[in-house]
Every structure is written in C-alpha cells, then in structure tokens.
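This is what each chain is made of:
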Amino acid sequence: MQDLLYFFQQLINGLTIGSTYALIAIGYTMVYGIIGMINFAHGEIYMIGAYTALIAITGLATLGIAWLPLILIVALLCAVIVSSSMGWAVERVAYRPVRGRHRLIPLISAIGMSIFLQNYVHLAQGSRNIGFPALMEGSFRFGSAEGFQLSLSYMQITIFITTLVCMTILSLFISRSRIGRACRAVSQDLGMANLLGIDTNRIISATFVIGAALAAVAGLLLGMYYGSVDPLFGFIAGLKAFTAAVLGGIGSIPGAMLGGLILGVAESMTSGYLSGEYKDVVSFSLLILILLFKPTGLLGKPEVEKI
Amino acid sequence: MNTSVKKLVTAVSASVALMAAGQAAAEIKIGIAGPMTGPVAQYGDMQFSGSRMAIERINAAGGVMGEELVAVEVDDVCDPKQAVTVANRLVNEGVQYVVGHLCSSSTQPASDIYEDEGILMITPASTSPEITQRGYELVFRTIGLDSMQGPVAGNYIAAQKPERVAVVHDKQQYGEGIATAVRDTLKDGGIEIAMFEGITAGDKDFSSLVTKIKQADVDYVYYGGYHPELGLILRQARQADVDAKFMGPEGVGNKDINTIAGDAAEGLLVTLPPAFDQKEENQELVAAFAEKGEDPSGPFVLPSYTAVQLIAEGIEMADSKDPFEVASALRSGTFETPIGTVQYDKAGDLKAFEFVVYEWHADGSKTPAN
Chain D
1 MQDLLYFFQQ LINGLTIGST YALIAIGYTM VYGIIGMINF AHGEIYMIGA YTALIAITGL
61 ATLGIAWLPL ILIVALLCAV IVSSSMGWAV ERVAYRPVRG RHRLIPLISA IGMSIFLQNY
121 VHLAQGSRNI GFPALMEGSF RFGSAEGFQL SLSYMQITIF ITTLVCMTIL SLFISRSRIG
181 RACRAVSQDL GMANLLGIDT NRIISATFVI GAALAAVAGL LLGMYYGSVD PLFGFIAGLK
241 AFTAAVLGGI GSIPGAMLGG LILGVAESMT SGYLSGEYKD VVSFSLLILI LLFKPTGLLG
301 KPEVEKI
Chain C
1 MNTSVKKLVT AVSASVALMA AGQAAAEIKI GIAGPMTGPV AQYGDMQFSG SRMAIERINA
61 AGGVMGEELV AVEVDDVCDP KQAVTVANRL VNEGVQYVVG HLCSSSTQPA SDIYEDEGIL
121 MITPASTSPE ITQRGYELVF RTIGLDSMQG PVAGNYIAAQ KPERVAVVHD KQQYGEGIAT
181 AVRDTLKDGG IEIAMFEGIT AGDKDFSSLV TKIKQADVDY VYYGGYHPEL GLILRQARQA
241 DVDAKFMGPE GVGNKDINTI AGDAAEGLLV TLPPAFDQKE ENQELVAAFA EKGEDPSGPF
301 VLPSYTAVQL IAEGIEMADS KDPFEVASAL RSGTFETPIG TVQYDKAGDL KAFEFVVYEW
361 HADGSKTPAN
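First to last, the sequence lines map onto chains D and C.
Sequential numbering from 1 applies to the first sequence in the UniProt record's numbering.
Sequential numbering from 1 applies to the second sequence in the UniProt record's numbering.
Because the hints were derived from the structure by calculation, they are not lab data.
C-beta atoms are modelled at their ideal positions from N, C-alpha and C, and glycine is treated no differently.
There may be inaccurate statements among the hints.
[Claimed, not checked] Sample of chain D residues at the chain C side, in silico, Cβ under 8 Å:
{"no.": "1", "residue": "10"}
{"no.": "2", "residue": "17"}
{"no.": "3", "residue": "134"}
{"no.": "4", "residue": "151"}
{"no.": "5", "residue": "153"}
{"no.": "6", "residue": "158"}
{"no.": "7", "residue": "199"}
{"no.": "8", "residue": "272"}
Make a model of the complete structure from these sequences and hints.
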C-alpha cells in the first residue's frame, strides 16, 4: 500500500513539473513550426517572467495588499505583459533582420540574445537567489500507510489547472481564430501565405508574443512552486523544455504537451526509484531512443520534401 | 616635492627587490580571486571585505617592508573554467600572492597555475582535502578541511542516536567530499544510512527527492553542498511535511538560506568555524568593520583577513618577496591572527582548526547547538 502511494506521489511530482515544461515547450515548438528556427532566448523570457511576477508581488506587499486572488492576477498580468513585449522585441531586434539567411545565423543570434538577457538580469537584479514569498501553502491529503501520506498541494493543483486552461485556450485559438488560421497557413508555407495576403511579419510576431506569454505564466507558477529565482533559472528550464519539444515532435503543439509530461514523469520516476544522479541520464537517453526510432518525435509529422 | 622623494625611495627599494625577486614592482600586488557574481557571490563578499580590510590596515601601519599592498580583484564566479582564466590574468598582472579561491572546485585548477608560475596562494575558504594533497609548495589555507568538518557533523548526528539517516550531496568536489566524510563517520558509529545520493546543482525541483526522504522515514538528513539547493530542499520538505532534522556544512550557513527557505530554515544544523568575531582579542578589528558598515560575522571574513596578514608577515619574516622563501617562512613560523594561533604543516594545512555545530534560526541568526 505504501509503495502504491509512493508511486502516485512521484507521479504527481512528475506531472507537475512536466506540465510546466510543456508550457515553456510551446514557445519553442510554435516558433520552430513557423519559421524553422530554435529560439534559444526563450528560457530567458521565462526567467524574466518569473522576476517580473516577483517584483509585482513584492510591490503589492509593500502597498499592504494581501488579498491572494488580486496579487496573483496582478502578478500574472505584469509578467505576461513584460514577457510578451520582451518576446516581441527579441524577435524584432535579433531575428527579423537575419531571417532568411543561412539557418546558423539566427541560431547564433538567439544564443547571443540568451546570454545578453541573462547578464542583463544579473546586472539589474543581482546574481543571488531571490526568495518568492510563500503565498499558497497547504495541501490535500489522501490515504495513509505506515506513516506515508499522499499529498497534493494547492500549488500543484493550481499548476495543473492553469496549464490545462492555457493549453485549451491555445488549441482553440489556433484552430478557430483568424490569427490561428493564419499561423497554420504560415507554418505550412511562409512564401505562399505571404502571396495570399497574410501579413507574415505580424503572424511571426504574434507567435513570439504567445510563446512568451505562456512562458511568463510558467515563470510565475514555478517561481511560486519552488520559492526562489535566480538569473540562471531560465537556462536549465529552457533546455529541458526544448528537450520536451523535440521529444514530442518539434512543431507540434500537442507534441510539446505530451513531451513535457513524459519528460517530467521520467525525471521524477528516475529520482524516485533509481537515484537523483541518473535523472538527466535517463531522460536524455529516452530522448535519444525515441529519436532513433521516430526521428520526428512522438507526434511530429515527417518533413515532406518541397519541390 | 614630498611625493617625488617618496617615489625615489620606492624606486630604490624596488630595485633592491628587483634583484631579490627578479621583478620590478614599487608595490606588492595581492590577487584576490573569488566569486563577485554568481550563485555564491555572498561568500565572495565576505572574502573581499576581509581581504580589503587587512590590506587597508596593513598599509595604514606602514605597509610591508616599506611597500604598499595593492589588491588586484578578479571574479571567478565559482566556476572552474573562469577560475583558470582569472588565474592566468593574475599571472599576467605580475601578481605573486593570491588570496583565494573560494570554491574548492575553482581553487584546485587555479592552484595548478599558481604553483607552476611560482605564485603563493592562500585560500580562505576551500575545504576540500585534495587541494593540499598534491605536494605543492605554494598552496596554503586559513580554513579547516572537509575531513575535519565531516567527522564533527557525523559525530554530532551519531550522538543524537538516530535510527536512520539520509545523506545527500550536490555532486561537486566540496559537497560530495564532505558528504562522504559524514557518511563514513556515521557508518563507523553504526548508524544506518538509508540513502546516499546526489542532486544536480542548479536544479529547482526537489519534489522527488523530498518524497523519497519522506518514504525513507529518516531522523536526520545531511546535505553536502551550498545554500541555494538546500534552501529549496528545506522549503519543499516543509511543504511535504518531512519532519527530519536537516544539517549542512558551512557552505549553507549564511543569511541567504533564509530568503529562500523562509521559516523552514528554523532549526537547521550547520557546522561552522567558531565565531571569530565573538573573540575578545578581535573586538578592535570588529569595531573597524562596523565603522565601515561591514559585517565581520560571516565565516570567511576573518580567514580572508588572516590570509592577507599571513602573506604580509611571511614576507617580513623571510625578509624577501620571493614566494618560495615566504612559503618556507609560513611553514616554520607561528603567527598570531584573528583566527587564532596559526601553524602550518608540510602540506600547507593548518595544524589545528576547529568546527562547531550551530543551530540556524528563521531570522538568520545562529546559536550553538547542544
């Protein structure tokens, strides 16, 4: 009985972390799907989202506001607005001028942007870990066996629900809205979409903004869940999310979701049953294995040679 | 007029030094290498604050052999690659004495360069035993070793008669070294080690580890590493209702753990060098720090101060600026310093250095643990 509870606890841990990987992975996958480049600065956008949320929360606290829903809404809005503008600006400054050149050029530009943003936050906010105040404490308890209790914290539930809501909205947006349809058109054939009167520049900007907004949501959630942020926060998370995107099939939005969850669960099961030391070994071996047998990732479509 | 006379005097003494050390210098450069930025920058602050104070006070008292000490400060970010870069920079600057580095993993590669280039290095903070085990002539420290700190922690835990203990580390030279020492001490004491495993430094998610600790039902968790990770582990453990007591080495004992862990830091056990700033004979020095608005209570402030002082006293004792002669002076002499009486063994380790167990509190203060 205890073993079963332990398994479910690790599953919950894995799904929580996995859903935030998925939120970040969306940004990678959408950008790749549309312009075929990997936006390495995306992890930094997520980190900036977390910092902005923290600044907003601290600001509200100094004003003496303690009503939790208001704090969360304001922090979320600030994070989304700042990150989205950042995502837009990054595309405008670093990617658009080099779009259409050799594919390595935007890649290097993205890596440069990532280093720039990281160091910018280093200088502006200091390099120390900054603690998030504990806003949402407590958890639901289920079943108990030999002193071990399954716990599902309010924070974890919030992460699940928020991720689910964001994913649903995004899917509806892509499949139903005008911009969504334009996005799909641009991802199928950028040149053709342009000829048919779609403002592709605007659509590409929109993609960056949407990805950045989701990353900001993840930044707020994870900052609160873990309780601290530092300027390197985005780098590792970005790497994991990128892995999740590739695992699920880069360019595919459901793939990013699936990849994130698989990666999160694989990590938590490895540290739960083997050892934390093997966490990254196992998850990256899994990635290589999947890519060996299915080079396009789990839900990726095979690339059709365009003639 | 006055300055030109001074310049003449320094020029003369410099040309004497030129013959002795084979290098022209009107001043004695002391390299201070530690993290100014990065996740453990607060320890770097302690190192820089202590070294600067020592340099100021020694210069105010007339310098060393009539020459001024000049600090050359470099940032190694506690990153081994960066440490090698800044070590080479110090070589190029013509520095002959270095106070640093801080993180053991940085000190080790940097010390290879210093030894090759004939630079004397005193680390005020690196506790990994390997650093002084390579037969180097110019490597010293003003801090104890993991092999001294580990047993203190292990014996403390063993004395509480726990049933099971978990030992976790960050897979880095410092953290894993000390965690291994603690595990071995506990094993010798007949305590069951329920788990011994590493985490990745820089990770944020420790929910799986915490669940594992909870299931293992341990009484004590020893963590070898630094505060950013332990702070998160404490916080996440508190949320998951883990009731084990946590303990860590001096790398976790600073106020930043409170910003990360919040209330969960209450009751954390930490092995630290004794509070040098509480010693009676240091009160005048403590007052000097207070005057500058700096806090000398950090574990590495006074060891850094001592490192500079030892370099100065070593030069005077050897009556030479040659690092090799200074090194043999340090090995033969007995020095009265803010961290107590200093004597070196052949390897460059302190003959005696004490670690004390403290209990950490939610407000960032500490009290001796009983």
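Evaluated hints:
no., hint, result
1, 10, "holds, 6 Å"
2, 17, "holds, 5 Å"
3, 134, "holds, 6 Å"
4, 151, "holds, 6 Å"
5, 153, "holds, 6 Å"
6, 158, "violated, 13 Å"
7, 199, "violated, 39 Å"
8, 272, "holds, 5 Å"
Hint compliance for this structure: hints 6 and 7 are not met, and every other hint is.
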